[in-house]
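*Asks:* Chain by chain, the residues run as shown.
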Amino acid sequence: MEILRNTFDFSDCPRSGLVLAGIVGLFFLCFPLFPHSSFAMSTLIQFFMFSLFAMGWNTIGGYGGQVDLGMAQFLGIGAYTTAVMIIRWNTPFWITLPIGVLLAVLWSFVIGYPLFRLKGHYFAIASIAASLVLKDIFDVWDFVGASRGLEIPTTRFSSPDFLHLIFTQDVYYYYIMFAFFLIGFLFINHFRKSRLAFQLRSIKSNEEVARSLGINVQWAKMKTYAIATSFVGAVGCFHACYIKNIETEDTMGLDISILIALMAMLGGMGSLWGPIVGAGILIPLKSYLKEWLGATAGLVGIDLVIYAAIIMFISALEPRGIWGLVGRLGSRKTA
Amino acid sequence: MKKACSALSVFALVLAMAFMAAEVCRAAETIKIGVLYPLTGGAAAEGRELRAGAELAADIANNVMPIDMDMAKRGGVPSIGGAKIELVFKDHEGNPTLGADLAKKLILDDKVVGILGCYHSAVTKTVSAVCEQYGIPMINDSSTSPALTQRDFKWFWRTTPHDVTFTRDLFELFKGLSEGKVKGVPAVKKDQMIRLASACEKTEWGSQVSETIEAMAKNNGFVVGKSLLYAAKSADLSSEVRSLKSAKPDALLFACYASDAILMVKTLKAQKVSAKIIWGQNAGFEVPEFRSTLGEDVVGILTRTVFSPQVAQVKKAAGQVNALYITKYNHDLSGASARAFTGVQTWVEVLQKAGSTKPDAIQAAANAITIPGDQLIVPWAGIKFAPEGADRGQNVMGSGIIGQYQKNKEGKIVLEIIYPFDLATANMIYPFKSF
Amino acid sequence: MDILAGSVAAGLLIGLVFALVALGLTIIFGMMDIVNFAHGEFLMIGMYTALLTSQTTGIDPLAALPVAALVGFLLGVCCYFGFVKYLLRGPMVAQLLGTFGLMLLLRNLALLFFGSEDRTIHEGLLVGQSFEIGMGIVIPATKLAAAVLAVVAFVGTWLLMNRTKLGRAMTATALNRQGARYMGISTERMNALAWGIGGATVTVAGALLVNFWSVTPFVGLLFTMIAFAIVALGGFGSVPGAFFAGLLVGLITEIPGFWDFFAYITGSSWMSGISMTPFKYTWVYLAYFLIMIFRPRGLFGWKS
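Residue numbers (our numbering), protein chains in the order written: chain X, 1 to 335; chain G, 1 to 435; chain B, 1 to 304.
Derived from the structure by calculation, the hints contain no laboratory data. Hints may contain errors.
Chain X residues, not near chain G, derived (Cβ > 12 Å throughout) [claimed, not checked]: (1) Leu163; (2) Phe167; (3) Lys193; (4) Ser205; (5) Glu208; (6) Met222.
To spell it out: a stretch of chain X is covered by chain B in this simulated footprint if at least three of its residues, at any positions, have a beta carbon under 8 Å from a beta carbon of chain B; those stretches are [as the list claims (entries may be wrong)]: (7) 116-126; (8) 135-146.
Here a beta-carbon is modelled for each residue, glycine too, at the ideal position from N, C-alpha and C.
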């Protein structure tokens, strides 16, 4: 009961903000009813996916202050697990999901144990290194299709197939991802008030002090890493069914890891809304800028130039991200 | 309070932008065909060629021109009220996921009648899966992985021959060498040409080529000393080249896209690695950049292709189209642009036969169509798709040629035909002079 | 035998260039304990500078070295005064974020201006030339020149740091910031100088590399990783450590060649059947990972 109350308790958020969030949520719920382009739909699905990635990243990166730049490896583990199981054994998606998450978490323990002996930059670079090593292995491993990748044959299933999550209409994916999104969001709301989150904040501000308070620093980090990777792994499983073509460059490449970290950093590390705001800004702008500027005017990369400038700006002035910037402006006004 | 309010409103505003559903206006008299090509990225050089070839074909189809080709005399598609062809180009950057995404967008938002593309076999794989899912016809002009037509797809047709055909040509050439059939080369003893080494790019296309070479080498009694897969994006191939050298091959076989093909030959030269035969599986080995940047170094290199200006001697239309292409782009048609041209041409002929833009009509027309060889600019017997079977949707009348870069009398580097032996336009340079 | 000798030679030559790549990173780290994520992007800019200079003016790419050095120096100094100075005040996470942002900015600006196509130098005095030095070893002239010039640049920087007054002031700042300030050294200017020198050395390395590597806007990350591996192996902040670790990492990237050699002398077919070339950088990442975990002070342990 206590857990449930905690999960649905938003009393520390301002009411007007909650009302607005409710309206936005309602809009998401009704969106497919309005006429829309498939482009807007896939952009929104991506927004949900990346919000979840960023939320997961935010637990270890934001609350824990451990900047991980290798999240794509867990996305890859989830995606490959689902793809391999559906292609080879026709396993229903809902069985591959827990297995994929489990494998991602297990891998997070394997690399987390040595990784969390490192700090700061060393940790960040080591996480990239780990991710690249795994990618190189997947690139030659025939069981997972090597560099050629895996393709889930859509012709084998008749859409809509809720068991294997193969649909022709994106609207099904939309609602499933929306449900994932709500569950993830509520979980983070629970997490941020948990004992673990408080331990993490104390580790982030000063690890020595945290240790002297009797916190098992290594274990706390590893537990959080497991949470983060289960988020990424779960969405990875979904990614396999949604994209249907899994290959290392797209699922495990460094660009994905960077994008995930970027969203949480941009929105605001260590806050409930930050990752969602980050993804909400980054994903639509990315796809639309690419569509308008990239393809027609040849301005490839302009989107990331803008984000990079914002990132540099906020890191020099306001490390709490856009959310922190907004908070500072707000408090200055009221003060 | 205020801060949360303002933040969320900013957020909502940004999201609202995403929903501005761009409703597509549909012009009545044009038939839209979505064309997916790699216009930027590592294969941009091929992308330019492909686009130029496709645009030229659309131009010829939409206007009346003095070319010996049915398409050039119609000025549109008469069976659909003289509708013009409109090509909607999208750039997939060689990225399969992006390609699938764009295909979806073309089908659902732009409401294209069909798809043409995509060059990279890996991209064609995902795009054809999307087309199959939505029941939209796709004609593939330039992807040669055999696996693409082995999936029993109902909405996928391929005009170009695939790599099994092309690789078989190579082994026929080897056989011809040992039997003394090659023009200008006395018979070569079989044990002089036995060790092969291959380096292929590592996605769908290259992996397939590598497997095909290995299988055929085994069947024909050759030894594959080394077969490497490498990333086409590699900035440095020196350890790959050294590894090839360690196999001490008689023939070096490659499957490279544009920029890596150039890098590969440069590295071969810098490491002084060569073999009696250097053969490239099309793509990077025949884009105009390949010979313009490498200059004299390409003399003696073999590549399989489907077009050479020499084809004009056999086919009148090829010469006329090539002349038109030269006036527009200042160089000869290449295998890529010729195939893109043929892809658009096939689309036009299929639409003409179908008499409708409905997918079912197009499907029936594509399965029944026969385009005679004299209509084509490529040296094929014609275009006719296998309606079923193990190679469903594959053009059964296609064939390849093997060309060799040679210097002609004026000192210009041209691609001479070496195989098929009866079409050969020059003596083969054998063995390859070392760098 | 020629396989082994060829691989060792190639590994050592490229290792010398790698050492120069890592030098800037280790200098900056030694001065102000900040790790520059954008290091590889500086290198990429060096590559583009040399390439474009030689293509627009028609001079040999090697003659473009001073231009690259100047661009790198200015870039480093500008980055310091315009950006890094503010970062240094913030917490560690902000520093990490900041240089990460700088990396993205430079990479995507390059993408915006130069496009995603690979570019290569095709003309030049040494391009395409190579020497055969016996035992079947072929050494491309561009690589040899790059290695020699990398050593010259490396030694020059080392002399600058150790034999000049300016260098000693820098060392003093690195050792004791407070003390240096009391001695009348402007630590601010020293920091900027470290960024300038760091930038210049790495852009020079880029200008050397572009003679035989193709360049895209995404080439930087590989070198950031290599530089990190070298700095970790050699010990953070250690200049001689970077030199020897560079050679070692150069040899590590040649593991595929050694594999081929062992396959050849043992004659084992399963070994020659497996190609190690897809893993040529995997070993570098793995080396970084292992070194950081088991010996964070670096393999040579000059300075922690």
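*Asks:* So which of those numbered hints doesn't the model satisfy?
*Replies:* The structure breaks only hint 2.
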